[in-house]
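Undergrad: These protein sequence lines map, in sequence, to chains A and B. Using my numbering, you'd call the opening residue of the first sequence number 1 and step up by one each time. Using my numbering, you'd call the opening residue of the second sequence number 1 and step up by one each time.
Calculated from the structure, these hints are not laboratory results. It is possible that part of the hints are untrue.
[To be verified] Anything over 10 Å on all C-beta distances counts as not near chain A; from chain B, calculated:
#1 Glu118
#2 Pro300
#3 Asp638
[As the list claims (entries may be wrong)] To be clear about the criterion: a stretch of chain A counts as covered by chain B if any three or more of its residues have a C-beta under 8 Å from a C-beta of chain B, and this derived list gives those stretches:
#4 39-50
#5 174-180
#6 187-195
#7 404-412
#8 433-444
Quick caveat, the model's predicted, so the values are computed rather than measured. Even for Gly, the Cβ is constructed at its ideal location relative to N, Cα and C.
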Amino acid sequence: MTAPRAARRAFAATVLAALAFAACGDDSPPAAGGDSTLRSTLVDPDRDGFLDAGPAEPLTDRGTPSRLGETLVTFGQLTDTHVRDEESPARVPFLDRIGTPFTSTFRPQEAFSAQTLDAAIRALNAQRPDAVFLTGDITDNAQRNELELALATLEGGRVNPDSGGPGYRGVQQPDSADPFYYRPDFDAPAHPGALAQAQRAFTAEGLKAPLYPLVGNHDVLAQGEVQPTEQINAYATGDELITALDPELLDQLPRAEIDAQRATAALLGNQFFLPSVDVPADDTRRLVGSGEWERAFRRERFDYTVDLTDRVRAITVDTVNRDGTSRARINPDQLQRLDEQLDTDRHAIVFSHNPLTPEALQILDRHPNVVAAISGNSHRNRVTPRGRYWLVSTSSLADFPQQSRMFRLRETADGAALETWMVDHDGRGLAGISRELAFLDAQGGRPQRFAGERQDRNVRLFVNVS
Amino acid sequence: MIRDALAALRARRGRTLLAALGVLAASLVVGTSVTVGYSLATGFQRSAEQAQLPDVIARFDEQPRRRIDARVSALPNLEARSYRFEDLNEDLSAGLNSTGKGAVTTVFNGRRGYKVVEGRDIRDGSTGEVVVERGVAREWDLRVGDDLFVEEHGTLRISGIAVSPDNVAFPLASTARVYVTRAQHRRVAPNVALLWLSDPDKADVTLAQARSVTFGLGKLQFITRTGVEILLSQAAGIVISLLIAFSLVALLAAGTMLAASAHADVQRRLTGLGVQRALGFGPGRIAAQQAVESALVALPAALAGIAIGALLVARPAAELIAALNELGPGATLLGPLTLAAAAVVALVVAAATWPAWRAARRPPVEILRGGDLAKRPRRRTRASATALQPAARGPRTRGTSPSFGEAGSALRGSRAAGPHGVGAPTGRPTSSDSGPHGGGSLFGLGVRFATAARARWFAAVATIAVCAGVVTLMLALASLLERLREDPGTVGKRYQLAVQLDSSQLDAARALPGVADVGERYSIDAADSFRLGEPIRLVAYPGDHTRFENPPLAEGRRIANANEVEVGLGMADALGLRPGSTLAAQIPDGGEVRFKVAGIVRALENDGRIAWIQPDKLLETRPDLTPQVVVRLEPNTDPATVTRELVNLGASLQPVGAAQTDNAAFLAVLAAVLRGVGLAVGLVCLYALIQALTVTARERRGAVALLRATGADATTIGLVLAGVAVAVAVPAAIAGVVLELTVFGPLVSRLAASFASLPLGASAGEIALVIGGLLALSVLATAFVARRVMSEPIIAGLREE
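Here chain A stands alone, though its shape is the one from the complex (with noise of 0.2 Å):
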């Protein structure tokens, strides 16, 4: 067995496993721009898969209602953003065509995360927030050349977003034979050269607002669940990508449980032939190691305290389980350190990845001042009432509605006041291209209800302290 293959089986083994429940992490909601939903939304009124402008949505009040005071301040929220080298070796896009819990492993539009990016960091800054909050999966496979072309946009400046050789090299070429992959030059709604031109550098407007970021399970794991080992990266910066899975092998895929064991079993077991085809290697595809997050943000950690204001305190909570897995993990430290945090007079607004884990809402419930939890991961949009306080999560950019959500804080006569819309991209150039095959998308969040409905997405939460 020479050496590539080796690899490559290994890595398919692990990373099938591994994948089997990729999606959960995944298997939320994409996000938003161009325009406030408070001003216009984006519609299907009939029915026909493609958006049209519809109508403001107002904000709903929930919760007791009282006087509305002051701003305290505003920020804006992007989650989920997924920016993704979508020529890499190390992804498993060939697992999608199975279905749940895999429909994570493709999308039609995955080649137009950093343009999509760019817009909605274009909406957010004309929402003019006070402050942004990056709240994980920034990247979708936690490799360094994804970290830099993230960050490149997240900055502003040009962006080149190709990897490998010039142009695009993978499963959605022009002259790739696999119909269960959407080839954006020739499938319906045909788009083409998109592919070609979501390769060239442009230029990123970069957020002007200060960025509070948070890593994600994709950011620090092999396709958001399992620890980057060298097979991995020889695989990821090796010059061949597995594009079909045989479906013989259905049966035999693990679904129920993450066990890379029994994945390579499956895989070697069943001596089956993978078909891939050649693309140029990438140093820069190996995927992240201990630290580059932390050192690329400038922070030694991802629990920190921001004081937005001197009533308002933002405090983010690392939730990323790094020995592997895409399920929440706050260590007894985290926990104490949280409670201390909390231990103010100003209201305070907790930040995580995944949503907090029971033992931290537990700390929340014990100290008035908390105004909400909010969250990503799940790539959804909902706002549910916890006591006296509110959990938020937020859609993703990589499926739809691919919008980000905006914040206002005011006081009122009774405690405060959480208000929050959408805010969709402003749709320019790929990125409009990226909502459409994202909405069409019967894998995606159009048919998984992802925008949530209206009280989870424009409204004002009450607070009342007393």
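With chain A's structure known, arrange chain B on it following the hints.
TA: Below, chain B alone, put in the same frame as chain A:
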């Protein structure tokens, strides 16, 4: 003005009646054409709408409903969905009728995709009932309330009769379809999904998404409404397209006939217009009166003609539609028929008013001197017609009747006269003129009579030529349909036999006497991978396919290797393919194969949506495909003998696909439709001939009376009139044939199948038949008019002199 017009029409009852008959005859053609054309052209869409035919039908191996619905419900652009379980090759029987090819369709809740046209639908949750397809009900004479035995379900009561245009009707389709409820089963999983789309024009988008979520579904196949329509077209052969195209041509012909006829009628009445001008009427008033008069004549005639034409073909058209499993137009046909009537009236009015207005703008004297003929004397000055010029001519001595011989000389001199002799100076008989007693002279006299008024002669010839062209076209059409049914060569096939034969016997088959070549033919219906709504057929031969199928190359070159494809022009047009393009074919079961287009061919089969390849790539994707064995025979070999030998080798005979059904009932209906249209066209021909003869006889009334006064009997008069008839019929027949060969045939071919070259040129036999038929009609018309002429008192004609 209407009163004046009515009075004028009453004053010339004969002519009015003749004109009305002309409009009626042409309207007959219009009525039949509109009825056939509209019913068939809109049949599929109308039926699809009424029956709520789904925009997409997906077939697959049985799947738990919940599992398949999870995938289907996620599709974009989806308005509604429902499911079916289709069980094929089931036994059905009722009374003495039975079939082993029953398609028992279990319908789940939701939209049905069929329309109940009699009785009521089966009720979800109830058992013991069945809805039968209308084709089955008609063929087996089943009615609501009758019993039907359905395999696995026992005897069921027929609750309703339904139409679903997703296939042609039984027995044109071999399967007999019935519908039962889900409650008939203890447990049943769907194998068919019906999808209705919010925007059917975006079906490709939905299908692209559907494809991406169908991994692992066995025997998956999508078919869109477009695909269904093509399949139906394939099942019925190219007949429907041809009929619709023929109807359009017949309409065109009828329009020409109407215009020519109306124009001729006005030309005949120019003198009257001159008198009106002389009396002080303005051109506008004259034209308006002409318009009113022609409208008063055309309206009832058009309505009657169109109504009769529609009734004439209503039944066969309905039968044809029923055979296609479509629904009749019903009251919606009234719209097009009314429009057609309005168009006929408008055409007649325009064709009559325009020349009247043109003529009336000239000075009255000029009109009275011969209308537009006076403008072009054409060296008539030396012609001699003194004795026989009709009434408007100058005074002559009463009571001095010329002898028969004198009359004959004078008659010969009338050649150059205008229709009324107005303005044509008198002249003397030429010295070369022979006596009138010879039949040839009388016949020639008739020819001269007919051609003297050039404009009218031309109009009559044009009218009959169009009729003759249409008739020739019908004959060519019938001949083509016959060939399409029986001769595979018509669709480019060079083999005569197709069999299922073990590959080990191929060499033995090749060695049979009379066998020129034997090959394996693979065929699969697929879809264009990038536009999934476009169905295509792939045909593969190892090696050179032109040994067995040789469609003419329109562009590019023949395939040279397994990566290349020759595509039919129909497919190339639908998919925008050209030599050098890539054809990506989505194979049922999920695979995709790609080929480089080497050439484009004119193929008739499958509406031209067919492509020829070598089988290598196809077999990589579908190794389970089994080929048909095709056999090309030596010239003059008896196929039956070779067939027997092949059967001895273990072969089972298969039909050689042509482009036309051989269903007897269907063809009988088709023949009835063509007969209806043919009858209408024949009537127009006869009318035009009678009109030409009548008008000529009327104009030459004096001359004819003179002939009779000098002893001419019915035969003599008949000979003169026969000359008139032949002068019109023969050039018309020749022009008609030319028209068919150069205009109608190519036009119908283009309209019916732009992707192929349909051989619609008339044969020598057909041409002879047309000419012979016209001559026969001429005889008929001559006899009719001669009888009328002979019944008129001689003195009446002489008095006019």
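Undergrad: Please go over all the hints and tell whether each is borne out by the structure.
TA: Going through the hints against the structure:
Listed as a non-interface residue, Glu118/B keeps its Cβ farther than 10 Å from every Cβ of chain A; the least gap is roughly 34 Å. Against the 10 Å criterion, Pro300/B stays outside the reach of chain A, whose nearest CB is about 48 Å from its own CB. Here Asp638/B stays apart from chain A, with its beta-carbon at least about 47 Å from theirs, past the 10 Å limit. Residues of the segment 39-50 of chain A with a Cβ under 8 Å from some Cβ of chain B number 5, which satisfies the need for three, so the listed coverage holds.
Interface restraint, the segment 174-180 of chain A with chain B: holds (5 residues with C-beta to C-beta distance below 8 Å; minimum three). Counting residues of the segment 187-195 of chain A whose C-beta sits closer than 8 Å to any C-beta of chain B gives 4, which meets the bar of three, so the coverage hint holds. Coverage of a stretch by a chain is defined here by at least three residues with a beta carbon nearer than 8 Å to that chain's beta carbons; for the segment 404-412 of chain A and chain B the count is 0, and the condition is violated. Counting residues of the segment 433-444 of chain A whose beta carbon lies closer than 8 Å to any beta carbon of chain B gives 5, which reaches the threshold of three, so the coverage claim holds.
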